[in-house]
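Model the full assembly from the supplied sequences, consistent with the hints where possible.
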Amino acid sequence: MGHRELEPPTGNGELEPPMGHGAADGSRGTGVSSANGTRGAGVTGREDQGSPPRPELFDFHGVSMTHYFTDNWENIQNFQARPDDILIATYPKAGTTWVSYILDLLYFGETERQKDVPIYNRVPFLEIFVPSVFSGKDMVDNLATSPRLIKTHFPVQFIPKSFWEQNCRVSTEVDEIPSSTTHMTVVVAGSLPFLVDSD
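Here our numbering is used: the first residue of the sequence shown is 5, the next is one more, and so on.
Quick list of the computed label-pair ranges, beta carbon to beta carbon:
#, residue 1, residue 2, range
1, Pro-57, Asn-171, 36 to 44 Å
2, Ser-166, Lys-119, 30 to 38 Å
3, Glu-114, Asp-63, 37 to 45 Å
4, Leu-110, Pro-59, 30 to 38 Å
5, Arg-58, Phe-138, 12 to 20 Å
Read the hints as simulated data drawn from the structure, not as lab findings.
Computed from a predicted model, the values in this text were never measured in an experiment.
Ideal Cβ placement from N, Cα and C applies to all residues, glycine included.
Rendered as structure tokens:
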């Protein structure tokens, strides 16, 4: 597998918080995932399998997102990275957990830590936010390790500015995306246009 260093995005990088998603009124918006009007909830078939429905997707600055990634938007954008932070930036199903385990072993190598602390606590997702349950940002802020290992599925333009300002190490795995995406979609009911935004 190859990896590459990400470069900071060009432009001022200012993005507005999502409208109607996590707003004070509690509204979530339409749930439209793309320009073709498909909806995130109810199309995966997960309800028939006894699983909870997937959260609705909506267009957020050209990227399909769920409210679990945007309800805490301002706190994420104001996140203060440290110079030794390591950000694992991957597409979903592209080896995120594997890379998290490997980096945790390389940096900390404690077998007891591996057994006693789940990987999602050792290497939390920065953007995840489930009200009254947990916040990835809070989990990262409470990490006692140095460096802090942090993972994200955000595209480069959504990564908080402080990662670039602090010159943090930001790496992404790109080799297995087509294969991983194909394997993931085998278990998802629906059509490929639902999964991939098309023009």
